[in-house]
Amino acid sequence: MSNCSQTGCKVAETGICLENHKAGECPHLMSDAPEGAAAIPADHTTASGQGLTFYSGEKLTPAEVSALLRARPTQVALCVGSQSSGKTTFLARIGEMFRDGSFKRFRFAGSLSLCAFERATWRATIASGAARPDTLRTRLKENDHFLHLSVCPLDPGGPILDLVISDLAGETFSAAVGSLDVCTELSSLLRADHLVAFLDCEKLADRALRHTECDNIKTFLARVGTVRKQDVGGLHVQVIFSRYDCLAAGEGKKDAEHFCKAFEADLRAAFGHKFASLSFHRIAARPETGEPTNEAIQHIVALWLEIPVPVYVAKKHRALSPERDFSGFGLP
Amino acid sequence: MNDSTNSEFLLVGLSGSGKTNFLVALDVALSASGDDERLVHSDLASDRSYLQPLREKWLRGEELLRTSRKDVPPPHHLMVQHASSGTSAAFYLPDLAGESFDQYFETRSFSPDFLARLRKAEGVFLFVHCSQSADHEILTHPSLIDSVAMDEVGTGGSPPASSAGKDWELSDSARQSKLVDLLQFVNEARAGLRALKVAVIVSAWDRIESGPNLPEIPRQPGPFVRACWPLLDQYLVSHPDRFDFHVFGVSARGGGSSPEDIARITGLDNPCERIIVVDGAHRSNDLTRPVRWLLGLLPSVANQDV
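Order-wise, the sequence lines are chains C and V. By the numbering used here, the letter at position 207 of the first sequence is numbered 207, and the numbering carries on one by one without gaps. Numbers in the numbering used here are just positions in the second sequence, counted from 1, shifted up by 332.
It is worth saying that the hints were derived from the structure and are not from the lab. Be a bit skeptical, because a hint or two may be false.
As the list claims (entries may be wrong) - Here are the simulated lysine-lysine pairs, DSBU-like style, with alpha carbons at most 30 Å apart: (1) K229(C) / K274(C); (2) K529(V) / K104(C); (3) K141(C) / K104(C); (4) K141(C) / K498(V).
Just so you know, these numbers come straight off a predicted model, no measurement behind them.
Isolated chain V, as found in the complex:
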């Protein structure tokens, strides 16, 4: 257990990958009592002016707005206690906007502030959203397209046959390329430091569980990342000396934003029951589980291939 009062974890992910929902739901989860294995708040930070209104929105089942890059909130200071081991920890969690990570990729640089935090970080939550494409879809050659089928479904917004398409820009890079390049930056920025623990969070996991059961979309978080974010998975697997990673499927919101979904998730007596955390074969609504893994409080994690 790390009992340093200055530990720092980073939330890393591109726009719309679920960082803020995770942070707010974690704050709620830390207030829940019950299981001694879970982490709970040992104290509250003096300044909760950013987190408190978001917490209230989350409890009402409202969707949270994306974090603004122009109004960067101060890092959240969370003080937690682990009842079963009797130890406590405190850590900072800065909620950087997804656009900031796009900018790091496009400017090919880390700001001094992020660099300093990265070098101090005990671990990273790396977010991917289960509904976002990891990569661009490759065009099928026109001669391979079933013209009858295309006529039936319509061509939608497909370009005219003469279109050469738009020129490539750095921002057009696929999400998994952006994340891998950012991890390569992280690797260089942390040269000489110990391996970084990376909790890969697959957001909106409820959509995987409620969606069609397709072989190409595994329902276990580890195999999901292997199949759907293959470049990211290969990169992390190739560098065990630099990245110690584990994959969690997380639904911090617990459902969609339809009136029915909102009625369902707000109708639960315990708001934390709407949270879904899947870790190998282990399934719970304990959002402190990924934090405990980063803190070294999960001595044996479930086999991801189960």
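Isolated chain C (complex conformation):
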């Protein structure tokens, strides 16, 4: 018997509903399915009794995102970078900008993961009771789980565009830099249309840490080339100098910016010809001084949405393995 969300209702133990609802008809019964266990069908709903149970509102599981990818063209973005490099804060800020209506080129048209966006922003709200804005770190079990957004271009009559975004836990990023096997197991990396690599500017401002930060990104991009093989030419890569306020506020700003430029040139030389595109961006999603770089963040989202969805990837994998729809996503 499912638990009830009503305080004092013992229907789970006794089978007697506090409000005398018939079995299966109480609106307060909670699903007894374990977290992440539900394989949501294409319409994201399940019949329960004569009522309906909808999607969880949390990040989409691999099964759920596969169903979405089968249902309609959807852009897939993967954010990677070291711990505390600002990946989740960046994604939270995207949600906040749709919620406060400040997105200039796109209008919010829906999300299957509104609750996950709420969770990502929570520690930065007054209601949370936190003393200073913060973001919860992505947990390991959230790898290959996705935030979802549907948006419309502001131009009237524009089509609804779908986007799913995953952020890799910092620990997994470090492990993937060190191990090709870890990279190979990342379904989101195999399927991504966009790879967003975060460089933490706080580390770039520290002479003792900056080379490691850059080297890890460079090594990871090299691993991506190995893992994606010939398919790497379809991948768009955005390199983000994140928490840029840390550089902009530091004493050695000029020196640090010079270092960033040199690293950009290094990456262009090494990977500019390998990926479909390679671009560089400077953002501060929740800066300690000044305003968030909303324009730069919106520009990155526009890059994700305005590039046509490469449907050929799905067709190729289906042709190779028709019984494993979206086998390219790494699903059994």
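Once you've looked at the hints, dock chain V against the given chain C.
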């Protein structure tokens, strides 16, 4: 004009969004005579045991208690007549407690009863309260806070500098996220059915009109929802094929609950004069106007951007 005797409209809104006040004031407004464009009662339902005491409280200017989720009243059966077109309609208006909609959001499900009503519904009144925050306020970084100004106003109940805050729970979701998710549920539940008419009711509109004139709080209902409930507005605008919506600013009570306000609203000869309905540039005390819009009896609605 829909002349079906089984039409159904739903009142949808979170706790304290003004659903019951609207329902009771509508019942009073349907008793008023005068303008042929307005709807009037053509008959009264046999069972008015829930509505009648509330109506008496409303007429006395008393505040109405929130609807209990445990004592769900039967759906109100309103039978109305539109004099200028000579047609009549009847519809059910169940007064569900706001907590029920919180529960639908938190359990991620619709009960069989609500689902059945939703699929039959001709339209929905979607309530937001003008004084309730649509979203959580984002924390300002401590380094950006003017410490002198903070010392002057005091920190009130702000947490100590070391506080990490409470863990997020589903119930902590912002109101506009809850409403948008509920509309997404509605969209899925009504898959294959025609677009749903949604009359967005901004409650307690008198507070907007009597409050300070601020650019961030527009005094037209449509722009108000666009500015103050942006996620909800964007979602509705993005789905014209699923939701046909129009925004009304409504004060069903007509004022506050101070002794002065109560004296003012009960001092009017016609109790319906205390009602405020704003629809684009159109302003009246005709609470049947949103109903007429849902029934298709307002062929041209005012430009919301006026």
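Quiz prompt | Earlier hints that do not hold, by number | solution = Hint check: 3 fails alone, others pass.
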